Amino acid sequence: MAARVAVVVFPGTNCEHDVVTAMERVGAEASLVWHGDRDLGPADAVVLPGGFAHGDYLRPGALARFSPVMEAVARFAAEGGPVVGICNGFQVLTEAGLLPGALVKNRGLRFVCAPARVRVDSDRSVLTAGLPLGTTLSVPVNHFSGSYVCDPATLARLRDGGQVVLRYLENPNGSVDDIAGVANAAGNVVGLMPHPERAVDALLGSADGQLLLRALVQQAAGVRAA
Amino acid sequence: MTVAEEPLHRALGLTDDELAMATAVLGREPNHLELALYAVMWSEHCSYKSSRLHLRRLPTEGSRVLVGPGENAGVVDAGDGVAVAIRIESHNHPSAIEPHQGAATGVGGILRDVFTMGARPLAVMDPLFFGPLDAARQRWLVEGVVAGISAYGNSVGVPTVGGELTFDPCYAGNPLVNVLCLGALPVGRLVLGRASGPGNLAVLLGSTTGRDGIGGVSVLASAGFGGEGAGTDDAKRPSVQVGDPFEEKRLIEACLALLDAGLVVGIQDLGGAGLACATSETAARGGVGMDVDVSAVPCREPHMAPWEVMTSESQERMLAIVTPGDWPAVAELCARWEVRATVIGTVTEPVPGDGGAVGRLRILDGPGGQVLADVPAASLADDAPLYDRPRAEPADRTARLADDPTADEPAGDCAADLGALLVDPSWVYRQYDHQLFLNTVVGPGADAALLRLAGPGLPPSERGLAVTTDSSPRWCAIDPRAGTALVLAEAVANLACVGASPVAVVNCLNFGNPEHPEVMWQLSEVVDGLAGACRDLGLPVVGGNVSLYNESAGADIDPTPVVGVLGLVDALRARPPGMGLVAGATVALLGERAAPGDQPHPLAGTRWAVERRDRRSGRLPALDPAAHGRLVALVAALVSETVAGGPGLLASVHDVSGGGIGVALAEMAIAGGIGARVRGIAGHRELFTELPSRFVVATHDPEALVARAEASGVAVSLLGMAAGDRLVVEDAEGTALVDVPLAELTASWRDALPGRLDDVADAAG
Amino acid sequence: MRFAARVEVRLRPGIADPEGATIERALPALGFEGVRDVRAGRSFRFEVDAADEGEARRRAEELAHRLLANPVIEDSVLELAPVEGA
Amino acid sequence: MRFAARVEVRLRPGIADPEGATIERALPALGFEGVRDVRAGRSFRFEVDAADEGEARRRAEELAHRLLANPVIEDSVLELAPVEGA
Ligand SMILES: Nc1ncnc2c1ncn2[C@@H]1O[C@H](COP(=O)(O)OP(=O)(O)O)[C@@H](O)[C@H]1O
Ligand SMILES: [Mg+2]
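Residue numbers (the numbering used here), protein chains in the order written: chain A, 1 to 226; chain B, 1001 to 1765; chain C, 2001 to 2086; chain D, 3001 to 3086.
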């Protein structure tokens, strides 16, 4: 049976349909979960997609983290379930304290939508498991507040623990240590600014995102089997 | 004369004759509220009173047209059960005052026009026009406008897939911000903005109503008509509105869900003239009347007077007509999307009158309360004045036509001219989400955008949609009629570069002051140029917008018609070749190399003449519609072979437009990262002429290309090869006109905008 | 002399404040009761070197008007204090 | 009783402030001399209904800490005053 992915929709989220399409492309079943729900339904993995939850008002993710569904997401994560936040979803996860650090305005203070090259620097996460270290992927970025910051102690911990899963080859936003994606210590919660769901079809310029999403689907299937 | 001394109707912008017309319609003097309604609805912006007469000359019929001009957006049948809605509009004046919010609310407005039709907005384009960037104020405008479009479009979740960027001194005091939106819907969901069914409810959806965008009507405050505390303080009546993309996003989802559930009878966005326009237009289109309870309208500020409520242009609002039985379901669905929904009125039976039944728009204070205004609904929309304003050819026209820069000598440094003409607009479009919905096969930076015809709720289709916007104030300033025809020809050529055939046109006519006879002459010429070219190319105009009074310090902008053209691709399975050169390919020109007559390579109106030599005169080359049609059909066919997944003959393709063959070659070399060597170019004239109906292409099979071209009756010349790391252009004798490292050209191209824009600009300029 | 300036930039009264309104709408669900009229603005702090307070104020106000706020939609409020020991 | 609150949210020292830095870099070209250490922040104004000032302060501070500022990168400062006649 295909892995079941719950795609969380906040008011203002806008990449939910794209994530559903991309997850289906890599063989998963995906369904939308409204932010007001307290239950994720039958899910082997959760994706928080990109967009502008609550208009990004106040700070990206600041209001969304209070949504009822986030308690269920936190529980799912605590039980070891795979949770991936893409772009705005990454911002929500940091605001919710499920990932360390914060995402601030891009260096340059402008929105950036462009292809980005990223490198897999750790396979200790549900999104990169099984990928050879050093694999380079072309995956677009699309954000205004994508510059990852954290204090030096946290950064040291992230590095030592293999929690920096993706780095930019050409840093588009000023992220510390070129960080494009981080995982929690257990590796089951991952946030990344690039949009793998936008890179699942050569017709659109790149299919590299499939590698990440396939890894997630495999991990999700494994979790269920266990 | 101060406002106090001026008669009220004039202060509101109505002429004495217009007041007499309103009085005749009512059979009595309008009261202040009624006067406000007529003033906003009969404004140039809402009534098109100066341009309507001319716009009638545009062809609007076509086999694919489902909805032509007059509705909120044009709609065409794209096949496979999908219809496409398209509309273009200007937001020039607000953007000049507050570039960020002005441009942002422009995006919001055009989206509402499209989802009003039942279409999900899928793409935005933004043709922009500014003064030269040397001035700090222009940099501030560019920064603000682009940031505003970026902030609103990205957040609301509609990709911006292209646009245009033009710098010319004529826009220094009056920038132009046009926005095009394209959406798609299952054909069956098409709805029109009309009310029907007396007893049905008028429901206001979305944002609260504030004192923003009341503009000219605000003189009523000092006319002693306002309610308690009504806007005696100027600060309370900002003319600038702040956009809320988050509200708009919820409004889009709620409205599309309402339409999907079949819960609305009609729906209409609130734009210019706010509730006055939405209520009177829906009633007039449906041949009914409407009772509106102003006191029911949720207001953002206390003590708003009825005229303020009725004319406010607060953003992110829609008016839906629903049956009383469906109202609870409507309310529930809106609550889920956190969209405010309030019953503010009722559809009423037309009242028998002298000339047949008349639907009346009545404004009431409370349900069944005092009648504050009572006018025939259609009189606000349909009885607006219509002016045939005086037109006059500019006095210097003959002299200007005769003063042609083609003859100018010496030529100057072609390489330097070429470098200076290269501009990479990615500084702009990197700030726009251009990929959302996973449809964008070709985004900004190419000749036209190419999208998969797909979206949530649409039936599956293999087709592709192509869209481009084009304009050329350089050409139109010299000859508005011929220039406009050339602009449409270029747009169609842009579509061919991605393999698409054109199906429909929208246009935004940006002009100066219509009270200047030269401006009215320009407008009339442009309409004729567009009408003629549309007829010649077999294209219907399905919508448009007119923006007048674009002037500053008494100087009008150059006539700036912007066309948006929608094209279709039957089978979109692979990416088109694109403009990038491929090493080892033969570079060829499709189309005639020279114009007939004594000016084989005319330079009038070219970027070379205008931007590099400041020469704004001469005679434009003529468009040969038949030859153009053959050429674009050939190119579209060649490209569509690749797009359908076949091997294809073309390795790269780019139409020749601004900057001529020189710029086309350079852009192709830069995009491909490979140099080229080309010979036989007849000096700077052939290098920079913008003679229409030509493409530069590259192919690995030149013989087959020549054969295809000859079979289609299209001229073809082999120019050279793509190779190396320099761009070399030689004349027939082998003398180099241009010989520069590709790296140098790439740097001038890439740095043109960032070099001038990457510092905080100064508002005060 | 050196002065510490704080400029608060706010939307003018009557200008829609979608950010403030969105925060306010969200508050009850977040468990915050009895809070209203939320308005969102920006603030800037900087230091000015000037001969005296009058000059410092003039320069800081010009900066606030010309650069930090767009007077079409925003007001700015300046607070200024001498920096001790500077 | 009703209280007017103003919360200023600032980046914590040591956190890069690209907005402040950009403004500062642009100043000399715009003719502003002697301005330095520009830091950009946000400000929020709102009103709180509460039994007394202590309760109002507690609620406003909680709002500032839990919502308005992100403690990973930001500090907040609260000012509170009773609203006359409310
Ligand atoms: N303001 C803008 N917004 C988005 N894209 C833009 C803008 N200006 C230019 N572009 C994109 O840059 C490319 C080049 O534009 P342009 O030179 O006008 O093309 P052409 O000469 O083929 O009409 C196009 O893809 C266009 O969509
Ligand atoms: Mg174009």
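In case anyone wonders, no lab produced these hints; they're calculated from the structure.
Quantities reported herein were computed from a predicted structural model and do not represent experimental measurements.
Backbone N, C-alpha and C define an ideal beta-carbon position, used for all residues, glycine too.
Be aware that one or more of the hints could be misleading.
[Said to hold, decoys possible] Quick partial rundown of chain D residues pointing at chain C, CB under 10 Å, derived from the structure: (1) E3008; (2) D3049; (3) G3054; (4) A3060.
Going down the list of hints, with the structure as the test:
no.: 1; hint: E3008; verdict: holds, 5 Å
no.: 2; hint: D3049; verdict: holds, 4 Å
no.: 3; hint: G3054; verdict: violated, 14 Å
no.: 4; hint: A3060; verdict: holds, 8 Å
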